[in-house]
Amino acid sequence: MNKVSQESVFDSLDKSNAELLANQDINQHLKVAYWANTQDRVVYNADQVHTLSFYLEGGEGSKRLDIQSGHGHSGSLCLFPQYHHSVWEITSPFKFAHLYFSDESIKQFASTTLDMEPRLIEIPELTFHDDQQLVALARQLFLTSDTSSLCYQQNTLEIFRYLLSDTQYCLNKHLKLTGGLSPKALILVKDYIHQHFDQSISIADLSDQANLSDFHLLRMFKQSTGFTPNDYVNHVRVEAVKKNLATNSALSQIAQECGFSNQSHMNRTFKKWTGLTPGQFRSAVKN
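The sequence shown begins at 1 in UniProt numbering and counts up one residue at a time.
The hints are simulated quantities; they were obtained by calculation from the structure and are not laboratory data.
Everything numeric in this text was worked out from a predicted model, so none of it was measured.
Any given hint might turn out to be false.
[Claimed, not checked] DSSO-like mimics (lysine-lysine), calculated; alpha carbons at most 30 angstroms apart, straight line:
1. K271 / K242
2. K271 / K243
3. K242 / K272
4. K15 / K95
5. K286 / K222
6. K242 / K222
7. K184 / K222
8. K286 / K243
9. K243 / K15
10. K271 / K222
11. K184 / K95
12. K63 / K15
13. K242 / K184
14. K286 / K271
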């Protein structure tokens with residue numbers, strides 16, 4: 001069997017006849033892109049991230065060739081899970097938008113916001129899917145007049161919430177879970193992080209809480225939460241920074257109180273997670 005070469009959906013389109021109209025990196029896990037295409041054949045090969053596709057204008061000349069499917073139209077929705085493969089024929093002009101999101105992004109949201117088991121999250125494949133509520137959320141995401149990273153992030157999380165809250169999407173109820181931290185150990189480790197995020201935290205500190213080796217703690221924490229321990233610590237710190245930005249505290253003071261070595265360290269980490277610097281976030285929230 002020939003091994004399918006991996007290529008991002010973005011790169012596949014970039015090499016095709018498609019024209020990139022606009023794109024924006026929202027944060028380390030999320031990106032949006034706006035495209036136009038016509039008279040083309042495009043192959044998507046095993047991207048490492050998931051793609052939500054929304055037809056903005058036209059689409060009647062867009063057809064998927066590798067399965068039985070109809071034609072697209074304005075308002076059509078497709079969802080391509082990571083490692084997805086498909087072949088598309090485009091015979092008339094249309095415009096569409098893509099949200100590229102990492103597997104970590106939706107699993108971390110499920111774990112922290114909805115208290116869901118991330119290992120049960122399985123992104124479905126959808127082609128020209130009809131769900132008016134999801135279409136409305138996609139319109140809100142892609143057609144917003146506010147193109148700030150904060151607005152894109154908030155609208156993306158609303159889509160995540162909807163996908164994870166409806167049992168026809170994302171949830172693999174039949175998966176038998178193995179490994180991961182016990183509920184008691186997970187609570188102990190997370191509680192330790194929430195109580196000590198303003199201090200230096202080592203893997204040894206966390207593995208002591210779970211009574212595990214450092215190696216097993218690293219692997220099992222990721223299985224249970226969707227985060228590496230370091231990413232979870234940074235997530236907690238960034239959320240603490242957001243709360244502190246609602247006050248008049250100096251950024252240097254906030255950095256110290258939230259466990260960062262200095263203000264520059266806080267700025268880099270915060271922008272990586274939110275797409276904004278702390279100063280930009282403070283201004284956006286106030287406005």
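Evaluation of the provided hints:
{"no.": "1", "hint": "K271 / K242", "in the structure": "holds (12 angstroms)"}
{"no.": "2", "hint": "K271 / K243", "in the structure": "holds (15 angstroms)"}
{"no.": "3", "hint": "K242 / K272", "in the structure": "holds (14 angstroms)"}
{"no.": "4", "hint": "K15 / K95", "in the structure": "holds (17 angstroms)"}
{"no.": "5", "hint": "K286 / K222", "in the structure": "violated (35 angstroms)"}
{"no.": "6", "hint": "K242 / K222", "in the structure": "holds (24 angstroms)"}
{"no.": "7", "hint": "K184 / K222", "in the structure": "holds (16 angstroms)"}
{"no.": "8", "hint": "K286 / K243", "in the structure": "holds (13 angstroms)"}
{"no.": "9", "hint": "K243 / K15", "in the structure": "violated (43 angstroms)"}
{"no.": "10", "hint": "K271 / K222", "in the structure": "holds (23 angstroms)"}
{"no.": "11", "hint": "K184 / K95", "in the structure": "violated (50 angstroms)"}
{"no.": "12", "hint": "K63 / K15", "in the structure": "holds (19 angstroms)"}
{"no.": "13", "hint": "K242 / K184", "in the structure": "holds (29 angstroms)"}
{"no.": "14", "hint": "K286 / K271", "in the structure": "holds (18 angstroms)"}
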